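Student: If you want the building blocks of each chain, they are given just below.
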Amino acid sequence: MIPYVARRLLGVVAVLLVLSVVVYATFYLAPGDPARLACGPKCDPEQVRQVRAQLGLDEPVYVQYWHFLTGVVTGHDYSTGTGVRHCDAPCLGLSFQNDQSVTGLIAQRLPATASLAAGAMVLWLVIGIGSGLLSVLRRGGATERVLTWITLAGTATPVFISGIGLLMLFCAYLEWLPFPTYVPLTDDPEQWAWNLLLPCLALALLESAKYARLTRSSLLETLAEDHVRTFRAYGVGERAIVGRHALRGALAPVIALTAADFGSMFGNAMLTETMFGLPGVGQLLVHATQTIDLPVVVGLVMVTGAAVAIANIVADVLYAVADRRVALR
Amino acid sequence: MTSLLTAPARPAGAEAGAAAPASAARRVLRRLRARKAALAAAAVLALLVLLALAAPLLAALEGQDPTTYHDGLVDSARGGVPVGPFGGIDAEHWLGVEPGTGRDLFVRLLYGARVSLAVAAGATLVQVVVGVAVGLAAALGNRLADSVLSHLTDVMVALPLLVFAIAVTAVAPADLPRPLLLVVVIGLIAWGAMARLVRAQALSLLKLDYVSAARLTGASTWRIARRELLPGLAAPVITYAAVMLPQNMLNEASMSFLGVGIKPPTPSWGQMLSSATTWFRADPLYVVLPALMLFVTTFAFTVLGDTVRAALDPREESRLRVGRERRKGGSS
Numbered sequence: 001m002i003p004y005v006a007r008r009l010l011g012v013v014a015v016l017l018v019l020s021v022v023v024y025a026t027f028y029l030a031p032g033d034p035a036r037l038a039c040g041p042k043c044d045p046e047q048v049r050q051v052r053a054q055l056g057l058d059e060p061v062y063v064q065y066w067h068f069l070t071g072v073v074t075g076h077d078y079s080t081g082t083g084v085r086h087c088d089a090p091c092l093g094l095s096f097q098n099d100q101s102v103t104g105l106i107a108q109r110l111p112a113t114a115s116l117a118a119g120a121m122v123l124w125l126v127i128g129i130g131s132g133l134l135s136v137l138r139r140g141g142a143t144e145r146v147l148t149w150i151t152l153a154g155t156a157t158p159v160f161i162s163g164i165g166l167l168m169l170f171c172a173y174l175e176w177l178p179f180p181t182y183v184p185l186t187d188d189p190e191q192w193a194w195n196l197l198l199p200c201l202a203l204a205l206l207e208s209a210k211y212a213r214l215t216r217s218s219l220l221e222t223l224a225e226d227h228v229r230t231f232r233a234y235g236v237g238e239r240a241i242v243g244r245h246a247l248r249g250a251l252a253p254v255i256a257l258t259a260a261d262f263g264s265m266f267g268n269a270m271l272t273e274t275m276f277g278l279p280g281v282g283q284l285l286v287h288a289t290q291t292i293d294l295p296v297v298v299g300l301v302m303v304t305g306a307a308v309a310i311a312n313i314v315a316d317v318l319y320a321v322a323d324r325r326v327a328l329r
Numbered sequence: 001m002t003s004l005l006t007a008p009a010r011p012a013g014a015e016a017g018a019a020a021p022a023s024a025a026r027r028v029l030r031r032l033r034a035r036k037a038a039l040a041a042a043a044v045l046a047l048l049v050l051l052a053l054a055a056p057l058l059a060a061l062e063g064q065d066p067t068t069y070h071d072g073l074v075d076s077a078r079g080g081v082p083v084g085p086f087g088g089i090d091a092e093h094w095l096g097v098e099p100g101t102g103r104d105l106f107v108r109l110l111y112g113a114r115v116s117l118a119v120a121a122g123a124t125l126v127q128v129v130v131g132v133a134v135g136l137a138a139a140l141g142n143r144l145a146d147s148v149l150s151h152l153t154d155v156m157v158a159l160p161l162l163v164f165a166i167a168v169t170a171v172a173p174a175d176l177p178r179p180l181l182l183v184v185v186i187g188l189i190a191w192g193a194m195a196r197l198v199r200a201q202a203l204s205l206l207k208l209d210y211v212s213a214a215r216l217t218g219a220s221t222w223r224i225a226r227r228e229l230l231p232g233l234a235a236p237v238i239t240y241a242a243v244m245l246p247q248n249m250l251n252e253a254s255m256s257f258l259g260v261g262i263k264p265p266t267p268s269w270g271q272m273l274s275s276a277t278t279w280f281r282a283d284p285l286y287v288v289l290p291a292l293m294l295f296v297t298t299f300a301f302t303v304l305g306d307t308v309r310a311a312l313d314p315r316e317e318s319r320l321r322v323g324r325e326r327r328k329g330g331s332s
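Read top to bottom, the protein sequences are chains G and Z.
Mind the numbering: the first sequence is residues 1 to 329 in my numbering, read in order.
Mind the numbering: the second sequence is residues 1 to 332 in my numbering, read in order.
Keep in mind that the hints were calculated from the coordinates and are not lab data.
Keep in mind the model is a prediction, meaning the values are calculated, not measured.
For each residue, glycine too, the CB sits at the ideal point set by N, CA and C.
One or more hints might be untrue.
Said to hold, decoys possible - Computed far set for chain G versus chain Z, every beta-carbon distance over 10 Å:
#, residue
1, L10
2, V15
3, F27
4, V63
5, A107
6, R109
7, M121
8, A172
9, H245
10, R248
11, T289
Claimed, not checked - Here are the computed lysine-lysine pairs in the DSBU-like style, where the Cα-Cα straight-line distance is at most 35 Å:
#, chain 1, residue 1, chain 2, residue 2
12, Z, K36, G, K42
13, Z, K36, G, K210
14, Z, K207, G, K42
15, Z, K207, G, K210
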């Protein structure tokens, strides 16, 4: 398994290199003056000239790209006109609008996003796999029909609709929960969990609908296989067949979806953050896009790309663990 | 693998004369007629398209337009809440007015439907064109081309669409119309799944006798792609496009919700929802209307797409069989 993971990690590095070339080309060769954009709308020509020199935009593109690459590995020194700002490795650039390293900005925002994603993931795996299982155990009945409709509706409900619905219900009418504000885990674990409940639920509802549908169809497929018929012939009970024997094989596609879906989950987490005002990575990206803070945008795209690629490796390994018929090559 | 497109290779039967796509289309129609929900969804969508097309007419009928501010209709003393009950619904403003600005909600929702449908349809079209081109090229090309294109497809499938789409809008030329920009951005990023499907289908079609026969007659690769493969690909491609369309609609709404999609004053449901988040206490109707429009539309598309997919999915039969056996067998 270790050689397999090592080879896949090398593959990730290759993909990220290609991605960085594409992203770099798109963002720094795009029409418009990147120095002007990076500097912001309030800059006068003198400041734009300074930023151009600081960004190294007066150098050829391949030199700039090389600086970006070496910066990731060894860090990079940026001259700020009066002095030198050192950006530690892994340096993804310097945000001139915030006067902070991109790596630092992302690291600041990561805890909120990670809390949201982790909490939601627990919820949606429980809700999704649970209701998928339930609808298979009760198939042919009203429970299955109701669950099928609910999950179908769930896949069509974007997180900003379910989120606003939850807010209206729990914060405005029932007044059970306060309007969520982000409290770091290290400050107050209880408040952290309490405040994250609604955002996590909003994000989990959409995702759990997908997982419920997949669990259901994958379970039904497994149940149609011959070995299940053998179990039935031996008189094994339905619950034992579904829960003990079919579920394991049926979970493999669910794990595969977790990886394939990691990117769209990231997008939904971003929407949830904006919806509930959580200071996460998604909010950073939206803000950077609106203020055209290109170093931050490029850095975030690279980090998400890496996260998605690594999630895929993890999923492939888990897939092989869940389904013994799959060999890692 | 059994393909749903093996019809021409089957022994001559009742449908021997029918081409694969025709029989698939007939199966889809039969399934659609059998499912009342799918029919209802189709009716809802037809109505919505009509409403969107007739938006200028209906606006004229109501006597309003989507961008005029009505300062007199919002109570500035109460922070801009519409005057009157239910968000200011009256004979002149059928669904009330937007809080803060007093713009007519009915007309804004209708024009929002135009944007939503147009962007979703346009983006889906781009995805279909790029996906079919890349998928066919991978299936018909040599090993190197297949390997490169398949890897590219894998990368595109895994890309976080929203992150990339948002990032690209940061450097997009400002004078490009936003709906067009969204069509291009969403279409050019999210074609991976379509390309994968087309490649797999094309590879299974290439094994069939009639394609080999075409090859033996000396048909060029281009001719095989166009005359032998494309007709057989139509059914799965259309099915998958039906599944992608509501997703594209949600992508547009999401980007507009985040403030990086459709720009004001052009109305869009996502953008309306985003400004509604600060109004849900004072003017709940302003939240409910765009949310309802967006949900009903994507839900109808999802129901329809799901039905078409189920009708064309050979595995669905086995699932139904398991369900029926269980029902017949009673409780255990």
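Student: So, for every hint listed, does it hold in this structure?
Tutor: Hints, verified against the model:
| no. | hint | verdict |
| --- | --- | --- |
| 1 | L10 | holds, 14 Å |
| 2 | V15 | violated, 6 Å |
| 3 | F27 | violated, 6 Å |
| 4 | V63 | holds, 21 Å |
| 5 | A107 | holds, 18 Å |
| 6 | R109 | holds, 14 Å |
| 7 | M121 | holds, 16 Å |
| 8 | A172 | violated, 5 Å |
| 9 | H245 | holds, 15 Å |
| 10 | R248 | holds, 18 Å |
| 11 | T289 | violated, 4 Å |
| 12 | Z:K36 with G:K42 | violated, 59 Å |
| 13 | Z:K36 with G:K210 | holds, 23 Å |
| 14 | Z:K207 with G:K42 | violated, 63 Å |
| 15 | Z:K207 with G:K210 | holds, 34 Å |
Hint violations for this structure: numbers 2, 3, 8, 11, 12 and 14, all remaining hints satisfied.
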